[in-house]
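Engineer: With the sequences and hints as input, model every part of the structure.
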Amino acid sequence: MSSSSSPNTVELDILGQVCPACMLVVLKEVNQRRQEITSGQTRLLIRTDHRNATVTVPESIRKMGYRVDVAKVNNYYEITVDRR
Amino acid sequence: MLLNYPELLFPTFLLAGLLMGWLLHRSDFCIAGILRDIFLFRSFTQLPALVLLVVATMVLFQVARGAAILPFDPPPTLDGNVSLLALAGGLLFGVGMVLAGGCVVSTLYKLGSGNLTSLLAFCGMLAGGMLYAEIYPLVVELRRAAMLTQYATLQQAWPEGGPIVAWGLIGLTAIPLLLWWRQGKIAVASPAAGYIQPWLVVLLLAGLNLLLYLLAGWPLAISAAYAKIAAFLELLVAPGHVAQLAFFQQEARVIETVHGRLASSLGPRIDLIFISDVPLLVGIILGGMASAIALKEFRLGPWPPLRQGVAAFAGGTLVLLGARLAGGCNFNYVLGGLPLFSFQAVLFTAGLLGGAWLGSLLLPRIILR
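Same order as they appear, the protein sequences are chains A and B.
Using the numbering used here, you'd call the opening residue of the first sequence number 1 and step up by one each time.
Using the numbering used here, you'd call the opening residue of the second sequence number 1 and step up by one each time.
Keep in mind the hints are simulated off the structure, nothing from the lab.
From a predicted model like this one, the values you see are computed outputs, not experimental measurements.
Reference listing, derived: stretches of chain B covered by chain A, where coverage requires no fewer than 3 residues with Cβ under 8 angstroms from a Cβ of chain A:
(1) 34-40
(2) 95-104
(3) 116-129
(4) 287-298
(5) 305-311
Below, computed lysine-lysine pairings styled on DSS-like, alpha-carbon distance capped at 27 angstroms:
(6) 63/A / 28/A
(7) 185/B / 63/A
(8) 72/A / 185/B
(9) 72/A / 296/B
(10) 72/A / 28/A
Heads up, the beta-carbon is just placed ideally off N, CA and C, and yes, glycines get one too.
Structural biologist: Have a look at this one:
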């Protein structure tokens with residue numbers, strides 16, 4: 001029986017950044033790592049303290065065909081981008 | 001009217017600011033973001049809330065006017081000097097708000113939550129106020145040359161037809177709102193803790209706007225506070241120079257009360273603007289701070305990357321330059337002027353949209369190089 005390996009987690013820290021700059025930075029990173037994420041090789045973990053980013057980032061990334069989860073951690077949020 | 005009891009102005013506006021800061025922080029409602037995201041990301045998520053805000057305010061103002069509890073004359077924050085500078089000011093404001101990541105109000109509640117990018121934008125706005133004071137004599141000449149009409153509002157220009165057009169426009173705007181409601185686009189799905197739906201916040205904001213208009217004599221306005229704070233700061237380092245600047249000496253808002261004529265300036269004086277616009281500004285910061293602390297989300301810092309920080313400061317400068325050039329900000333014109341069918345507000349909003357588009361072209365080139 002074979003098992004798939006867990007993806008590598010790449011962290012993107014955009015704490016302190018506000019929209020739209022934080023969104024532009026995230027989109028650039030996601031586009032640069034498109035093949036790694038869609039192949040399941042990489043998971044992107046975004047750290048943000050900008051509340052609006054928890055709406056705008058998932059909205060845009062999901063439209064690109066990825067799976068996005070959001071969780072609150074301490075006083076900021078973690079947005080995880082995986083292949084669907 | 002609160003102006004008959006001026007000692008009540010400061011606490012009333014401070015309380016209004018606290019409430020606004022809290023609600024806006026919880027709903028992430030940002031006019032700058034809503035207009036910018038249309039051009040930058042083709043996103044319309046919070047546009048229904050903005051349209052609802054303007055329409056709800058229009059309805060409240062028209063009903064209040066019909067009931068004779070609001071005057072048909074425009075408030076002192078919407079003067080009759082309609083000029084093309086409103087368009088130019090809106091354009092500058094629009095570019096600035098994209099670079100700054102917020103407008104004159106959203107910057108405040110984000111600053112209150114500890115965001116240092118917004119602090120840089122806020123400092124840029126103060127710098128914009130100081131810069132405007134230097135170029136003010138040139139602006140006066142330009143404004144005179146660019147004057148379009150002395151009528152401030154549609155109802156001033158056309159007393160008989162104004163209310164008909166107003167209600168007609170309200171009725172037309174109800175159509176997209178109903179469509180959005182049926183499509184489930186009025187509510188926003190957000191995982192942020194303590195989120196309050198923007199549609200609810202804008203209805204409360206419209207009510208607060210009417211209340212302040214009834215109590216104080218003018219709807220929400222805040223950019224004058226930035227100019228006044230800038231004047232006080234500049235007074236600390238260059239008092240002689242401040243005394244010479246015409247911008248800080250001229251009358252900015254004049255109100256008739258039972259105590260007589262109340263005039264205020266944008267200069268470093270304790271006057272009407274100091275006890276109304278300034279506590280509103282401070283209240284929004286504190287309201288945002290209180291909301292962030294209650295959610296355990298208050299974080300001081302970190303500083304943004306250099307390019308973002310410079311863009312925020314420069315953007316803030318353009319925001320205040322644009323606001324003073326136009327004679328008001330997005331809150332004054334979009335939330336106060338448009339509902340009152342002010343010509344100046346229409347020009348400003350047109351410029352604002354153009355500026356948001358232009359800013360959306362510029363920002364990626366600055367941030368992502």
